[in-house]
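Student: Protein sequences, first through last, are from chains A and H. Quick note: the first sequence uses the numbering used here, first residue 43, plus one each step. Quick note: the second sequence uses the numbering used here, first residue 4, plus one each step.
The set of hints was computed from the structure by calculation and includes no laboratory data. All C-beta atoms in this analysis are idealised placements derived from N, C-alpha and C, irrespective of residue type, glycine included. Check before you lean on any hint, since a few could be wrong.
Said to hold, decoys possible - Stretch-level coverage of chain H by chain A, calculated; a stretch enters the list once three of its residues show a Cβ under 8 Å from a Cβ in chain A:
1) 156-170
2) 192-202
3) 214-227
4) 259-269
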Amino acid sequence: MVRVDTLERTIEEHPFFQGIDAPLRALLVGCAANERFEAGGFLFREGGAADKFYLIRSGCVAIELNAPGRPPLVVETVDDGQILGWSWLVAPYRWSFDARATALTRAVSFDGKCLRGKMEADHRLGYELLRRFVPVMGDRLAAARLQMLDLYGPDGKGKA
Amino acid sequence: MTLARPVAVPAANPMLPVPLRIHAGRRELADTFTVELEPPEEGGFPFRPGQFNMLYVFGVGEVPISISGDPARPDTLIHTVRAVGAVTERMRGLKPGDTIGVRGPFGSAWPVAEAEGDDLVFVAGGLGLAPLRPAIYHALRNRGRYGRVFVLYGARTPGDILYRRELERWRGRFDMEVAVTVDRADPSWAGNVGVVTKLVDRARFDPLHTTAFVCGPEIMMRYAVAELEKRGVAGDAVHVSMERNMKCAVGFCGHCQWGPAFICKDGPVFRYADIAAIFNIREL
Numbered sequence: 043m044v045r046v047d048t049l050e051r052t053i054e055e056h057p058f059f060q061g062i063d064a065p066l067r068a069l070l071v072g073c074a075a076n077e078r079f080e081a082g083g084f085l086f087r088e089g090g091a092a093d094k095f096y097l098i099r100s101g102c103v104a105i106e107l108n109a110p111g112r113p114p115l116v117v118e119t120v121d122d123g124q125i126l127g128w129s130w131l132v133a134p135y136r137w138s139f140d141a142r143a144t145a146l147t148r149a150v151s152f153d154g155k156c157l158r159g160k161m162e163a164d165h166r167l168g169y170e171l172l173r174r175f176v177p178v179m180g181d182r183l184a185a186a187r188l189q190m191l192d193l194y195g196p197d198g199k200g201k202a
Numbered sequence: 004m005t006l007a008r009p010v011a012v013p014a015a016n017p018m019l020p021v022p023l024r025i026h027a028g029r030r031e032l033a034d035t036f037t038v039e040l041e042p043p044e045e046g047g048f049p050f051r052p053g054q055f056n057m058l059y060v061f062g063v064g065e066v067p068i069s070i071s072g073d074p075a076r077p078d079t080l081i082h083t084v085r086a087v088g089a090v091t092e093r094m095r096g097l098k099p100g101d102t103i104g105v106r107g108p109f110g111s112a113w114p115v116a117e118a119e120g121d122d123l124v125f126v127a128g129g130l131g132l133a134p135l136r137p138a139i140y141h142a143l144r145n146r147g148r149y150g151r152v153f154v155l156y157g158a159r160t161p162g163d164i165l166y167r168r169e170l171e172r173w174r175g176r177f178d179m180e181v182a183v184t185v186d187r188a189d190p191s192w193a194g195n196v197g198v199v200t201k202l203v204d205r206a207r208f209d210p211l212h213t214t215a216f217v218c219g220p221e222i223m224m225r226y227a228v229a230e231l232e233k234r235g236v237a238g239d240a241v242h243v244s245m246e247r248n249m250k251c252a253v254g255f256c257g258h259c260q261w262g263p264a265f266i267c268k269d270g271p272v273f274r275y276a277d278i279a280a281i282f283n284i285r286e287l
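Go ahead and model the full structure; you've got the sequences and the hints to work with.
Tutor: Printed below as a string of structure tokens:
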């Protein structure tokens, strides 16, 4: 059994939540839980209800896209200290990808439905969370665009 | 017919290629190969990390190729080449004992001496690892002179990782950190997937005492430099290797003019602070 004070310390010490004051942190802790995924286990599947986001404490998670007749394509990996999942913020709250642990993964999960309710009730919490998620979304979007460019291919003017 | 090994010192006449015999060649990737040339017996082929040579396939043409061997071993001259055009395709077909004309070495170098005392961050994308490898060799050969050493490398897929065995060997060392990521993979790949700039964010270097060397496609370099700046590395501690259409290699022909600079003689290695004003101007 994981104690709540351990969760609170994890959240307090993580750079993503830096600057969030104690009362708001307490709201977050109320929606948080520790989870563990064995290698090969899914954190979520495409099309499923996006009712959580995760702070990866250790391990590695592959974000995968499935297409019929071919192996899944890994488009990104997320590991220690990173935030996973923002579909819980955007209606209709469905996952767009699969997330599969590629190694034993420990994470703090946050109940998105619970948080959405708290954000509606307390806009300060909403602002604090959104201002942290927008850069994550922006970085991921920029990274995805870079990956689409196929920079290292023969047309990418690689060196040598 | 085999030629005697030449004794001429390269670059004595910068426009005159010196014929050097291919000692060995190997396939690196589907479209990429490495050629080892026999330098002149007398004095070998000294060069500085980051410099390039003009390699001439007789009767076909000449191409600028970075030197990718160990600068402390002038007895071997190594180039890693991607076969993308007529010259490099023909070069790929050459065998040990065949000769290539070599002019060089040309251009500026990674400032490895200036970086002593600093953490070193090498950020490479695709074939950009080849021009950086001499600087990495230098850092490892003089390991005590540097702080932490990071090699951050991005490739298209796991099958496109250049110098894979060497990266694995480096990764096994206790005195450096190597992180590799690919743009896309199937689930059999257990490593990172994502852009190489993501690795910059995770590397635990001291931004105030770091020198960064960046080489790869220009777009990748722009994002890598931005990420390094975001981490607090100053522009005068970041160095990039530029690439343009180099022909004469000595600043005569103007093909590689880039704003006020010629890549061949003022570069290819530039301090980012010196070129920041033109780095993002697409018309140049």
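Student: Evaluate each hint against the coordinates.
Tutor: Here is what the structure says about each hint:
| no. | hint | result |
| --- | --- | --- |
| 1 | 156-170 | holds (count 4) |
| 2 | 192-202 | holds (count 9) |
| 3 | 214-227 | holds (count 7) |
| 4 | 259-269 | violated (count 0) |
Hint compliance for this structure: hint 4 alone is broken.
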